[in-house]
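Peer 1: If you want the building blocks of each chain, they are given just below.
Number of protein chains: 2
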Amino acid sequence: MFLIIPQVQASDLITHKQRFEIPEFTTFGGKTIKQLQVGWESYGELNADKSNVILITHFFSGSSHAAGKYAPSDEAVGYWDAIIGPGKAIDTRRFFVLSVDTLVNFNVHDPKVITTGPASINPDTGKPWGLDFPVVTIRDFVNVQKALLESLGIQSLYAVAGASMGSMQALEWATAYPDWVPRMISVIGAGQSDAWTVAALEHWAQPIKLDPNWQQGNYYAGEPPMAGLTAALMLLTQQALYPDFFNQSNPDHNPLEAAPLNDIRQSHQVVNWLRDMAATRATITDANHMLYLIRASQLFLAGQDKPLAQAMQQVKARTLFIPASHDLLLMPYLAKQAHQALLKAGKTSNLGLIVGPMGHLDGVTNISQAAEDIQAFLTQEAL
Amino acid sequence: MFLIIPQVQASDLITHKQRFEIPEFTTFGGKTIKQLQVGWESYGELNADKSNVILITHFFSGSSHAAGKYAPSDEAVGYWDAIIGPGKAIDTRRFFVLSVDTLVNFNVHDPKVITTGPASINPDTGKPWGLDFPVVTIRDFVNVQKALLESLGIQSLYAVAGASMGSMQALEWATAYPDWVPRMISVIGAGQSDAWTVAALEHWAQPIKLDPNWQQGNYYAGEPPMAGLTAALMLLTQQALYPDFFNQSNPDHNPLEAAPLNDIRQSHQVVNWLRDMAATRATITDANHMLYLIRASQLFLAGQDKPLAQAMQQVKARTLFIPASHDLLLMPYLAKQAHQALLKAGKTSNLGLIVGPMGHLDGVTNISQAAEDIQAFLTQEAL
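Listed in order, the protein sequences are those of chains A and B. Under the working numbering, the residues of the first sequence are numbered 362 to 744, in order. Under the working numbering, the residues of the second sequence are numbered 362 to 744, in order.
Only chain A is shown next, with the shape it has when bound in the complex (with noise of 0.2 Å):
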């Protein structure tokens, strides 16, 4: 998801950005990744026996900056500052609530974030890494968090929730990790990459492979791909949105425009409007991370070893699925799926929805929506 619109607005919360260090990690594929570094955050304060943490997972273009500001004088908020602070939904006077940047997190050049991908260094070579970076997968970010939980002497969490790509590092939480989660919030989410979900996302790839300068991804002694990275972030916009707003935000909008009427090489308005947007995120992004971001999500499935529907048998926790009613990206039949595959493996799910004109980009957005169920959620017991 890519989030076009910057929450502006007052919070309570001022948090800042920690790093975290993993000397050697192991990824689920069986590599190895030197120093690996992540940024993270935190909101609320840790209670005595660590059992109040709720882990917040990031979308595909976010980062662990969920909520609050760095500063005072910070114009934007977090992306889910709406239901995470003191006396919302996610209430941070009781909740510990922290947040980890991915690996091969999408805001690769904001200095905001700390992460690591093929835009690093490679410690064994002193270069960047390109495609010799492995593969990661969604329990790959997983285990990150897992790490940096343990390295603060948690052993369980309260609760974790997440939109779109974060729903996905959710409900792996509480598949791979059942003793850990005894509740389980996806908002916009899925429980697999289906067919669909897997071609879908290839599309966003394309563009990037097709620019000459990517140079099968060698190209960070010369000139980066803004081209095609530019072109990746204008469908991946467009396809996290839904025609209403789309045309609410063109209002002036005529299909018979004269600079594309007279002429092949020019663009309609709404072309560089679209453009514009996404040249701009791409001076802070990285071609080469969003195409890892891109197969992560592809190659998800919730516990990583077996068929949706026997996995979730394995699950421990309460979940809550909210789709959003108009998502083009993640439609509401893939969190229906992993809904009824829990139901089915006889746990405890409840189904949420979102109802707006954003369409994917509703699971942030128009969060607010979700506030009350997600509090009452939080007040259940533990199975």
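Hints may contain errors.
Identical chains share a label here; the pair holds if one copy fits it or two copies do between them.
[Said to hold, decoys possible] Straight line, CA to CA, 25 Å or less: simulated DMTMM-like cross-link-like pairs of lysine to aspartate or glutamate:
id : residue 1 : residue 2
1  : K430      : D485
2  : K411      : D452
3  : K378      : D485
4  : K473      : D540
5  : K507      : E406
6  : K705      : D605
7  : K430      : D493
8  : K570      : E584
9  : K705      : D452
10 : K570      : D637
11 : K697      : E406
12 : K378      : E406
13 : K392      : E618
14 : K667      : E618
15 : K430      : D471
16 : K507      : D613
17 : K667      : D613
18 : K378      : D435
19 : K667      : D605
20 : K697      : E618
21 : K395      : D624
22 : K697      : D605
23 : K705      : D613
24 : K667      : D540
25 : K392      : E436
26 : K378      : D410
Derived from the structure by calculation, the hints contain no laboratory data. Remember, predicted model here, so these are calculated numbers, not experimental data.
Fit chain B to the given chain A structure using the hints.
Peer 2: Frame of chain A; chain B shown alone:
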């Protein structure tokens, strides 16, 4: 629309491709195309007073081969053979049904297609037009059809019907030449390309333009941009479909395949499946033709001179709109907008629906669902 499932069946119709030439054609944008040629075919017989003509306008990736076979030994029949033929909804015992290859046709390298576009030789230079070919619009497709009809002595239609980009031509006919059109049928259609649709179509153009072989459209003396064209066709194919069909077609899909897990350069099987289909189809098309078809579709505004609500006032036809329930490419709201605009203008408009698992493509593969509605519609008196 990208037809991936040839309808293999018997047909009672045999047809043949004919050639029509316009020595000098002036586009809507005011440019000149010399020695314009298009192919056309027909089913049934023109009656004495030439009052039984039904024009079928084709979709983005289609041709004039709407029904029948060129030879009894052909495997595939025309795309709407289910509703065009003796005794069928569009009954060729009664009607003279005619269809025309569009300008800048998608299937330019199909020996059965005759078209003029950027891959054609510009008579003034003796070289392929490339991007010097003028931008053409849906009105230009209509004007070529009108010139052909007039060359046959035809002065009005009994009806015009088309799917997808064909629906644009059908409504353009009814709006630009209302005295010609007493009945219009729009399947999986739209009244204009809204901001969402213009941007959605642009994503098909981008992989082509990123392919280094594209060379700003001047590739006819060298290697064509097949990688970019294939990527574009992969996207077009998926957007014309829906998850239900897509997932049913890949029953063995496993998100956690070994090849893409172990190597970032490898793809999932479903991606290879989609790529193979697209690469095959790419051999009969042309990258620049696709760019010009995208542009013609982006520029579509019925009537091409005023807002849709006003333009619909000049329509004299009874109209029938048949969206497909699961269409992700031209969602049903687009057909409903045009239908509502006609009702508001005091016109007689009808709204049907095709319900199916294939998405946009249901307008072709499941057209038999609408056969009764179409048959009944064609019995109605002109207004």
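Peer 1: Does each hint fit the structure? Answer for all of them.
Peer 2: Do the hints match the structure? See the list:
Proximity of K430 to D485 under the C-alpha cut-off of 25 Å is found in neither arrangement, the shortest distances being 36 Å within a copy and 64 Å between copies. When the C-alpha separation of K411 and D452 is checked against a cutoff of 25 Å, the pair qualifies only within one copy, where the shortest distance is 16 Å, while the shortest distance between copies is 76 Å. Taking the closest pair of Cα atoms, K378 and D485 never come within 25 Å of each other, the shortest separation being 27 Å inside a single copy and 65 Å across copies. Taking identical chains as interchangeable, the C-alpha atoms of K473 and D540 are never at most 25 Å apart, the minima being 32 Å within one chain and 65 Å between chains.
Taking CA atoms no more than 25 Å apart as the test, K507 paired with E406 passes inside one copy only; the shortest distance there is 18 Å, against 75 Å between copies. Proximity of K705 to D605 under the C-alpha cut-off of 25 Å is restricted to the inter-copy arrangement: shortest distance 21 Å between copies versus 36 Å within a copy. Proximity of K430 and D493 under a CA criterion of 25 Å is satisfied in neither setting, with 35 Å inside one chain copy and 53 Å between copies. In the homo-oligomer, the alpha carbons of K570 and E584 lie at most 25 Å apart both inside one protomer (14 Å) and across protomers (18 Å), since each shortest distance falls under that limit.
In this homomeric assembly, K705 and D452 never come within 25 Å of each other (Cα to Cα): the closest approach is 32 Å inside a single copy and 51 Å across copies. Taking the closest pair of Cα atoms, K570 and D637 come within 25 Å of each other both inside a single copy (21 Å) and across two copies (17 Å). Taking identical chains as interchangeable, the C-alpha atoms of K697 and E406 are never at most 25 Å apart, the minima being 34 Å within one chain and 53 Å between chains. Within a single copy, K378 and E406 get their C-alpha atoms as close as 15 Å, which meets the 25 Å cut-off; across copies the closest is 77 Å, which misses it.
Proximity of K392 and E618 under a CA criterion of 25 Å is satisfied inter-copy only: 17 Å between copies versus 53 Å inside one chain copy. Only between protomers do K667 and E618 lie at most 25 Å apart by alpha-carbon distance; the minimum there is 12 Å, versus 53 Å within a single protomer. In this homomeric assembly, K430 and D471 come within 25 Å of each other (Cα to Cα) only inside a single copy, at 15 Å, whereas the closest approach across copies is 60 Å. When the C-alpha separation of K507 and D613 is checked against a cutoff of 25 Å, the pair qualifies neither within a copy, at 49 Å, nor between copies, at 32 Å.
Taking CA atoms no more than 25 Å apart as the test, K667 paired with D613 passes between copies only; the shortest distance there is 13 Å, against 51 Å inside one copy. Within a single copy, K378 and D435 get their C-alpha atoms as close as 14 Å, which meets the 25 Å cut-off; across copies the closest is 67 Å, which misses it. Proximity of K667 and D605 under a CA criterion of 25 Å is satisfied inter-copy only: 22 Å between copies versus 39 Å inside one chain copy. Proximity of K697 and E618 under a CA criterion of 25 Å is satisfied inter-copy only: 24 Å between copies versus 42 Å inside one chain copy.
Taking the shortest alpha-carbon separations for K395 and D624, only the inter-copy value of 19 Å comes in at or below 25 Å, while the best intra-copy value is 52 Å. In this homomeric assembly, K697 and D605 come within 25 Å of each other (Cα to Cα) both inside a single copy, at 24 Å, and across copies, at 14 Å. Within a single copy, K705 and D613 get their C-alpha atoms only as close as 49 Å, which misses the 25 Å cut-off; across copies the closest is 22 Å, which meets it. Within a single copy, K667 and D540 get their C-alpha atoms as close as 19 Å, which meets the 25 Å cut-off; across copies the closest is 64 Å, which misses it.
For the homomeric pair K392 and E436, neither the shortest alpha-carbon distance inside one copy (40 Å) nor that between copies (51 Å) is at most 25 Å. With identical chains, the CA atoms of K378 and D410 are at most 25 Å apart within one copy only, with a shortest distance of 24 Å there and 81 Å across copies.
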